[in-house]
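All chains should be modelled from the sequences, with the hints used to inform the complete structure.
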Amino acid sequence: MLSIKNLKVSIEDKLILKGLNLEVKEGEIHAIMGPNGTGKSTLAWVIAGRNDFTVEQGEVTYMGKNLLDIPPEARSKEGIFLGFQYPVEIPGVSMTNFMRTAINEKRKHLDLKPLSGAEFLKLMEEKKKLVKIQSKLTDRSVNEGFSGGEKKKNEIFQMALLEPKLAILDETDSGLDIDALKVVANGVNMLRRKDNATIIITHYQRLLDYIIPDFVHVLFDGMIVKSGGKELAFELEEKGYEWIKNKSE
Amino acid sequence: MQNNNNKLIDKFTRDEYKYGFYTDIQTDTASKGLSEDTVRFIWAKKKEPDFMLDFRLKAFRHWQKMKEPTWAHIKYNPIDYQDMIYYAAPRKKPQYENLDQVDPELLETFNKLGIPLEEQKQLAGIAVDAVMDSVSITTTYKKKLAEKGIIFSSFSEALQNHPELVREHIASVVPYTDNFFAALNSAVFSDGSFVYIPKGVKCPIELSTYFRINAANTGQFERTLIVAGEDSYVSYLEGCTAPMRSENQLHAAVVEIIAQKNAEVKYSTVQNWWPGDKKGKGGVFNFVTKRGICKGDNAKISWTQVETGSAITWKYPSLILKGNNTTGEFFSVAVTNNMQQADTGTKMIHLGKNSRSTIISKGISAGNSNNSYRGLVKMSKEAANSRNFSQCDSLLLGNRSGAHTFPYIDVQNKSSVAEHEATTSKISEDQLFYCLQRGIDMENAIGLIVNGYAKDVLNKLPMEFAVEAQNLLSVSLEGSVG
Ligand SMILES: Nc1ncnc2c1ncn2[C@@H]1O[C@H](COP(=O)(O)OP(=O)(O)OP(=O)(O)O)[C@@H](O)[C@H]1O
Ligand SMILES: [Mg+2]
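Those sequence lines, one after another, are chains A and B.
So the first sequence is numbered by my numbering: it starts at 377 and just counts up by one.
So the second sequence is numbered by my numbering: it starts at 177 and just counts up by one.
There's no promise every hint is true.
[Claimed, not checked] Pairs of lysine to aspartate or glutamate residues, derived as EDC-like cross-links and limited to a Cα-Cα distance of at most 16 Å, are as follows:
| # | chain 1 | residue 1 | chain 2 | residue 2 |
| --- | --- | --- | --- | --- |
| 1 | B | K631 | A | D515 |
| 2 | B | K631 | A | E520 |
| 3 | A | K606 | A | D590 |
| 4 | A | K484 | B | D617 |
[Unchecked claim] Each pair of labels, with its calculated beta carbon distance range:
| # | chain 1 | residue 1 | chain 2 | residue 2 | range |
| --- | --- | --- | --- | --- | --- |
| 5 | B | P351 | A | L499 | 56 to 64 Å |
| 6 | A | G493 | B | R237 | 58 to 66 Å |
| 7 | B | A322 | A | A494 | 35 to 43 Å |
| 8 | A | G493 | B | K320 | 26 to 34 Å |
| 9 | B | A598 | A | G493 | 29 to 37 Å |
| 10 | A | G440 | B | P638 | 50 to 58 Å |
| 11 | B | N575 | A | M439 | 36 to 44 Å |
[To be verified] Where chain B lies over chain A, by a calculated footprint (3+ residues, C-beta under 8 Å):
| # | region |
| --- | --- |
| 12 | 417-426 |
| 13 | 476-483 |
Hints are computed from structural coordinates only; laboratory data are not their basis.
Just so it is clear, the structure is predicted and the values come from calculations on it, not from any experiment.
All C-beta atoms, glycine included, are put in the ideal place defined by N, C-alpha and C.
Encoded structure:
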């Protein structure tokens, strides 16, 4: 589904990703771990199509197409979803209006009729139940005044509405209490299908107690330096990144 | 992101003016230039009562002694007042009975503009008094309103049918000596609207007037007078679009509102005159004087405006809060783009005790435009326990536009308080990317964000207008970004 080969990415002449390789297949869950500032969010943004980065080298293929040629809004409509590490506030724009616009843009792309107000509200109620989000949140402006945890839950809610093929969750578990963590994990598990995939960027092994990854990768200094199964997360938790660092040197 | 932004800004700047079409209706025009003869010509053409000639001539003589104001944050080439035509009227005299009798070409124009003259809109409860080129063409619902004693007609008709009412109130809020453009308007205004709501009457429908400039080289001088008697209520809507043309058009309207004891008047405008091309050529010069007075105790007047058009906007809908416990409100969204310039705001003059005023101004500037808020809040010695709250926000799109705020506050008594808050923000790249990532393209994203930003004002518009205004904001800012 997603194939990244020798990806080198810079921002403001600073090389951040330095030859990254990653293969994600349908039905898989990948976890990416790694120290602060090593390029995890950069990877997520490049996949989602933020264009303040310069791709110096390498290729990214998604569903058989050159992903780097596709504008960000089209990537979204083709099924790529990014759960932001820091979701942004959009004052005055109601969640309902925002997500209805998003859904209908996607439906237009898929040659489907737009959802009426009533149909959309019904869909929203279903998804709210699915991810156990409080109804109050959707009456408010996008992320405005949401607590840190509420913002993260709101990302999962949006993911549930958009039903992506490839979801990238950038530290969606950070700053969550244990109940919220379960909401997030539950959301991911509920939305898991044979034909979609999830990349989870996280610092904590505890999320992986609830979402069982097929692969764990360590991103270090712009490259994936180690990949393994679920056990790798435990090893990292125990030994810290120094262990990898020493090994990779 | 930056590259993308620039591309979109460019695209935006190239967008054609949506309502840029021109209707060829033969006009009956005055000769070019302005003199006492022009003033007499207009007066005679309109068969006005004698007092009007006196009024117009006094205004004209006063205007000759005045200088064009220069204090606003706007720049333009000098206007040649002798190079304009001051009167134009459609040649085919319209019949007022029903739509079938109206010039089909005119109806076509109205349809293109989306002016709700059709049956459905009437059923929706809107009486439309459409003004095209200075002469009122069609008035609907007049009978129904007449039953309640409400007068809603063109200014000319009012001068024929209710000269004493007009005489009593005209220039009582905006004297012809008030300013250069008000004096000019008083001398040469050709038509406009007149509204009278008798004591105790709540006007059952929204009164709506559409204005449109339509003859090349013709200045547009409209005059509106709204009188709301004791305990009455009226909501009045005015909206306009203008056809594309290359030469500048001067528009100097005067609006006066009088609210007697316990009366409430809501005045809403969507202004979408031709803004000129991307280089700033053409476009309407919009120098408007709007003022209301809350004359009696407990009276209330609200101005709500959505300003998206005109090359230059010079407009300060103001209120004199004369009675005790009176309320004044000003809600404004002003969008400027390309080379547009807007200097707009309000004056709240508190004279009565316990008077209240609220100002919410949302400026949005894109392209190379300049957008200024200019406001005065004045509380006299007598206006004890008065309150004002002002919120003036500016939103910038791109790096080449300007936003300015000029708030003046003058509180002359100890028990009154004026509060002023101001913010300037940009649409952030993070906000735009968040929308893009959800599959919402740049134009839709800007539409959403801008409408969200302006929501507090748009919410004040009557439903019917709010939807139009939302569309207008999105259209006006198509392709423009932070
Ligand atoms: N706009 C920018 N200008 C300069 N450097 C940047 C910019 N954006 C990111 N970087 C740098 O790129 C590097 C990678 O950042 P990134 O956000 O991808 O790290 P991360 O692995 O997600 O870290 P964390 O675990 O803290 O979220 C950092 O050193 C960061 O400072
Ligand atoms: Mg990060």
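Hint by hint, here is what the structure shows:
1. K631/B - D515/A: 15 Å, holds
2. K631/B - E520/A: The given pair, whose Cα atoms are some 14 Å apart, holds under the 16 Å limit.
3. K606/A - D590/A: Holds, because 7 Å separates the two Cα atoms, which is no more than 16 Å.
4. K484/A - D617/B: 12 Å, holds
5. P351/B - L499/A: 56 to 64 Å: Roughly 60 Å apart at Cβ, these two residues keep to the hinted range, so it holds.
6. G493/A - R237/B: 58 to 66 Å: For R237/B against G493/A, whose Cβ atoms are near 60 Å apart, the range 58 to 66 Å holds.
7. A322/B - A494/A: 35 to 43 Å: Since A322/B and A494/A have Cβ atoms about 41 Å apart, the given range 35 to 43 Å holds.
8. G493/A - K320/B: 26 to 34 Å: 33 Å, holds
9. A598/B - G493/A: 29 to 37 Å: Holds, at about 36 Å.
10. G440/A - P638/B: 50 to 58 Å: 52 Å, holds
11. N575/B - M439/A: 36 to 44 Å: 37 Å, holds
12. 417-426: holds (count 3)
13. 476-483: holds (count 4)
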